[in-house]
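Participant: First to last, the protein sequences are chains A and B. According to the numbering used here, the residues represented by the first sequence are 1 to 457, in order. According to the numbering used here, the residues represented by the second sequence are 458 to 820, in order.
Don't read these hints as lab results, they were simulated from the structure. This list has only true hints and no planted wrong ones.
To list a few chain B residues with every Cβ distance to chain A over 10 Å, as calculated: (1) Gly680; (2) Lys776; (3) Ala804.
These stretches of chain A come out as covered by chain B in the derived footprint (C-beta under 8 Å, 3 or more residues): (4) 178-184; (5) 422-432; (6) 436-445.
Just the calculated beta-carbon pair ranges, DEER-fashion: (7) A:Val100 with B:Glu636: 53 to 61 Å; (8) B:Glu636 with A:Gly398: 18 to 26 Å; (9) B:Ile685 with A:Gly211: 27 to 35 Å; (10) A:Arg176 with B:Leu648: 48 to 56 Å; (11) A:Gly217 with B:Arg605: 16 to 24 Å; (12) A:Pro351 with B:Glu636: 43 to 51 Å; (13) B:Glu636 with A:Ser18: 28 to 36 Å.
Note that CB positions come from ideal geometry on N, CA and C, so glycine has one too.
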Amino acid sequence: MLFQSQIFILIFLPAALSLYYAVAGSAAARQWVLIGASLFFYGWWDARFLPLLVGQVTITWLLALLHERIGARWPLMLGVVLNLASLGTFKYAEFLILNVEAVTGLTLPRTEIVLPIGISFFSFQLISYLVDRMRGDAPIYPYRPFALFVTVFPHLIAGPIVRHNELIPQFALDPRRDGLAQRFGIGFVIFTVGFAKKVLLADKLAPIADGLFQRAGQATLTFAESWNAALAFTFQLFLDFSAYTEMAIGIALMFGLILPENFRRPYLATSLRDFWRRWHISLSNFLRDYLYIPLGGSRSGPARFVLATLVTMFLCGLWHGAGWNFIIWGLWHGVGLLTCHAWQKLGRPMPAVAGWAVTILFVIVGWVMFRALDFDTARNVLTAMASPAMGGSFAGGGLIVASALVSALVPSAHEIRARLEAMTPQPWFAAAAASLSIYCILEVGRGAPVNFIYFQF
Amino acid sequence: MHGTTPGKGDATQETCGWRRFSATFAGVFAGGLAVIYLLILLIDPYRSVPFSLPMERPIVSISQRYMYPQIVRSGRYDGVVVGSSTARLIDPEILNPGFGRRFANLSMDSMTAWEQQQLVSLYLREVGAPKALIVGLDTVWCAQNADRVRITPAGFPEWLYDTSRWNDLLYLLNSATLEIAGRLAANKLGLYRERLRADGFGVFVPPEEQYDLKRAQGHIWQGRAREIVPQEPAVVLSEAERKELRFPALAYLEDMLAALPSGTEVVLAFMPVHVAAQPVPGTRGAAIEAECKARITAIGKSRNAVVADWRIPTGITTKDTNYWDNLHYRLPIAHRIASDLAGPIRAGRETDGSFRILSSPQR
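Chain A extracted, bound-state conformation (with noise of 0.2 Å):
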């Protein structure tokens, strides 16, 4: 069930609203409630995937809770282990096959897995309170709050990334307390603003970027028409996150949840480290907080961090999919993150606009790689890109326009909370916004709604 399709926001929401708020007095029942509600939403795709992710929590939890007991470390290896034997298994064993086979000329038996949605994302989680338990930063929960801060369904799929401490205290806070007006009228404010970018912008972009990146794969493009596409797919990419990202902090906020920022407005970064303290915050800060750091960081002498950035940018691409298109993404952005540190080692600043112009070009080459299927796609694009002498035509000039606009202006979910917390409410202003999400739900039923692309990491 996706967020921006009717029968979620017409018939899931409410009904998983009116759940919730008809038992409200009593945590329990309504985080029970809040559990029915993700596991239902998360079987819609597939039911077949329920027990994995339920098989996860459980057994997440109960090593912790085996550590808890005996105090010996090995549970939360093992607990560690697991999840990522699950993850590998189910998103990374058919790339490895592919790769064996490429290097030793055998033929494999392939694994025909599917991959469940949003893996990436609950495995994370799972893997982050596990290590935080080794620090002894993390307390055992009961089950029932361990289970709901894992699935539930705002940011079950596709994040923001969620730490059990940012989480799991908020379930005990009563939905109906003070605020609870404002909550719901910001929430429903945040969830249009995401719904907008997804229905009006992101997913009229994915035609154009689909149909050039095709036949970049298969042809030669024009220079117009490659800047077509990379501009088309790095503006539909934020887009689309971002408004999973609001949409899911919009909806949590009806619930009586904060869920954490994702973005603020990347594309305005003035160097590739600000842009990574911009761009899906929350895996950042994951990446830095439990690979980045204990690999030695910048503290460490100049050979650790050289190597600290790039395994966790290799892996930060790998975590994307399983293919190399996004491991050279994530060591091109290692590279580019070491080049700015050394740059701004020498104490020479550039000026915010160079920086800016430098920064996005870095960016949109990255994007390039990361939606090429193959390398000869991504050759393909990038060789047109620089190549003004081959001229052609640009498709949807007006949309993108108007998608760096967005990309600049809008605020990110927490600016707008921030904003609408400090202005006195009015009348008028929620009925634009509730105008405009009906004319989301109008679009949005013309056909089948389109996936978020972040659904697939």
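Fit chain B to the given chain A structure using the hints.
Facilitator: Just chain B now, with coordinates in the frame of chain A:
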């Protein structure tokens, strides 16, 4: 009481403000959608609502896949034309006197073989067997991937063609349906004209007086040499190669015809596309198409149908002046095709060489 403590009063005022804000959002959202949905249900632009109000619904949209099911359901027509845009200019009013039937032309732009079968199935379910069926054949019936690519990228509203009308209620809340409902309402007020005739016929090519041969030739030949040179030596498929050829759409054709009673008069006619859009004689493509035609002829023969073929180099298909582009002929040709269908073809008789009769019924 609340006013006694300034801080508390502000908080209450703020709470009231947010309550009003949330209530306004919920009210406008739910109320607006309810009004729109009610309007759509009342107007019922696709005549698909189970409790539809009885009223005339002119065809105010050219979205054929959405509009044609209601023409079927009207039950006014006992003859049906299906096919792609190459059959859309066949005017039912020319067919009717010859066949002694009331035809609806339900051909759609790029209509796939599977879609044609769905439409005929809908007719059978909703109205019963048609008295006459004309299938305008083109490459979709010979496509090797017809079972994998069953619909066009534009999509196909299967819900309008299935057995239940109740599930249609789930698909009506959208801007396209609202727009058509609005047009229908405007039509009732005399502000909007119908876009297709009640029998589905509509002229989609520009007016004849706008015809420009040079421009048409650009569309017909698309920069290629304006001459068809047969390949020598011609490709001849071996028996084994012919047997290996797969035309998945022909299963749809067989199913479609098998569902019709023997009393239904069936004409299968390859439509006259320009030679520039036909496979070059002597090529492998031409040999494959010939095999496909042979199999269709066999199916037609087994069903006692007329099988006619305009898709050959003739006085019609070799003349650029007969076409707007390499698929779409001009109106005078369309009239000639409809007249031939209603006359000599129906009788299984060849005339001036502009078409061949591949099979005629044993009467």
